[in-house]
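In order, the protein sequences belong to chains A and B.
The first sequence begins at 1 in the numbering used here and counts up by one.
The second sequence begins at 1 in the numbering used here and counts up by one.
The hints are simulated quantities; they were obtained by calculation from the structure and are not laboratory data.
Be aware that a few hints might be false.
Partner residues aside, some chain B positions facing chain A, computed with beta carbon under 8 Å [unchecked claim]:
#, residue
1, Gln47
2, Gly51
3, Arg119
4, Lys124
5, Asp128
Listing some non-contacts, in silico: residues in chain A with all C-beta distances to chain B over 12 Å [as the list claims (entries may be wrong)]:
#, residue
6, Ala23
7, Glu27
8, Thr65
9, Pro67
10, Cys71
11, Val88
12, Pro111
13, Ser123
For every residue, glycine included, the Cβ atom is placed at its ideal position computed from N, Cα and C.
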Amino acid sequence: MSANMTPVDAGEPGFDRSEGNAAFEEELWALLDEIPDPHIPVSLVEMGMIYDVRDEDGDVTVEMTFPCMGCPAYDFIQDDVRSMLRPVPGVESVTIDIVWDPVWSKDRLTPEVREKMREAGISL
Amino acid sequence: MSEWPAEAVDYVQAIADTKLLLSHRYAEWMLTGPSLEDDIGGASTAQDEAGHVRQLFRLLEQQGRDGEWLEGDRAPEEFRNAATLDATRDSWVEHLVAVATADRAAWYMLDSIASDDFRGLARKIGEDEYFHLEYHDARLATLADDRPEELQGAFEDALPKALAFVGPESYDADSDPVVRSGFADRSAADLRDALVAHYARLFDGTSVSLDGVDRDGPTQDEWDEARRRVGDGAIDQSVVDALTGVRNEEFAAE
Chain A
1 MSANMTPVDA
11 GEPGFDRSEG
21 NAAFEEELWA
31 LLDEIPDPHI
41 PVSLVEMGMI
51 YDVRDEDGDV
61 TVEMTFPCMG
71 CPAYDFIQDD
81 VRSMLRPVPG
91 VESVTIDIVW
101 DPVWSKDRLT
111 PEVREKMREA
121 GISL
Chain B
1 MSEWPAEAVD
11 YVQAIADTKL
21 LLSHRYAEWM
31 LTGPSLEDDI
41 GGASTAQDEA
51 GHVRQLFRLL
61 EQQGRDGEWL
71 EGDRAPEEFR
81 NAATLDATRD
91 SWVEHLVAVA
101 TADRAAWYML
111 DSIASDDFRG
121 LARKIGEDEY
131 FHLEYHDARL
141 ATLADDRPEE
151 LQGAFEDALP
161 KALAFVGPES
171 YDADSDPVVR
181 SGFADRSAAD
191 LRDALVAHYA
201 RLFDGTSVSL
211 DGVDRDGPTQ
221 DEWDEARRRV
231 GDGAIDQSVV
241 DALTGVRNEE
251 FAAE
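Build out the structure end to end from the sequences listed, making use of the hints.
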């Protein structure tokens with residue numbers, strides 16, 4: 001789980017959450033922050049893979065990317081996202097929009113996440 | 001997403017199908033290369049290419065191509081892969097030359113796409129391709145020293161097919177349909193020149209000569225625009241079966 005939930009600008013480490021996020025979207029972000037990356041002991045949010053979460057009257061769109069385009073977990077990570085958000089009261093549908101702009105890079109990892117990865121034996 | 005002109009959809013289809021076959025050919029050789037490093041490199045590259053295909057097919061579906069057809073519910077002659085990848089190769093040298101020339105040709109074509117729909121996607125694919133092409137060139141350089149005659153013979157077979165895949169020499173900036181439509185910013189003629197110049201540089205100072213490579217063909221009349229090749233060659237039905245997992249159908253997740 002992430003310790004730093006402060007919104008930052010796109011391209012900076014952390015989470016690209018737009019200003020003025022509704023409390024409901026914050027709740028969804030927090031849930032996504034509980035989904036582990038299957039390869040690395042941090043969450044999808046900590047990995048900087050979630051670019052945006054938007055709610056429009058219960059229709060939720062998650063904009064996300066992958067560090068590796070050939071990720072073997074491509075489908076089941078998306079299943080995890082849907083499984084986490086779909087049961088939430090107030091969520092009617094979950095749409096995942098895979099995007100590649102901006103391209104993911106290690107610059108999206110916060111110092112805290114980098115330290116967590118180093119402690120797990122992952123070099124950056 | 002914008003609506004692409006028909007020739008642009010065909011262009012991306014050919015790149016995607018070539019990447020699909022690249023993934024298959026890399027996977028075929030990933031246990032039988034000359035070294036463990038080559039096997040690991042081939043396995044990683046196969047995975048990258050499969051990932052590229054997934055995204056390109058997604059775009060093609062958004063342009064109206066049928067998803068099941070894209071995934072392999074089609075006849076062998078409906079695949080638009082570079083002809084260098086039609087058949088598995090008899091030797092690792094021939095395999096390396098086939099995948100190296102096809103992979104580089106497909107990357108040059110993808111990199112020439114100017115459509116905003118490829119912003120980020122092309123850069124991300126390019127990050128992978130950087131390593132693919134570096135690996136190919138490093139291995140080709142060692143083979144130029146160790147097995148020059150075999151390497152030269154493989155190039156004389158593969159490079160003309162890769163050039164045909166890029167397009168006919170007569171497709172210049174004024175006549176190449178994907179350039180004229182604004183979808184790409186470099187013509188087949190430009191990309192062909194870049195491809196030949198690259199390998200000329202790579203083999204400069206070695207005993208490998210590209211003088212015997214047909215650099216002029218094909219003519220526009222003999223060239224199949226949709227399949228970006230000459231003639232009616234195609235992959236074998238067994239390859240389509242492998243790509244679609246026919247023999248492992250019972251294990252497929254629904």
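Hints and how they fare:
1. Gln47: holds (4 Å)
2. Gly51: holds (3 Å)
3. Arg119: holds (5 Å)
4. Lys124: Holds, about 5 Å.
5. Asp128: This hint holds: Asp128 (chain B) lies near chain A, its Cβ roughly 7 Å from the closest one there, short of 8 Å.
6. Ala23: holds (31 Å)
7. Glu27: holds (29 Å)
8. Thr65: violated (8 Å)
9. Pro67: violated (10 Å)
10. Cys71: Violated, since 7 Å does not exceed 12 Å.
11. Val88: holds (25 Å)
12. Pro111: For Pro111 (chain A), whose nearest Cβ neighbour in chain B is about 24 Å away, the distance exceeds 12 Å, so it holds.
13. Ser123: Consistent with the label, Ser123 (chain A) stays out of reach of chain B, its closest Cβ about 18 Å off (over 12 Å).
The structure is inconsistent with the numbered hints 8, 9, 10, although it conforms to all the rest.
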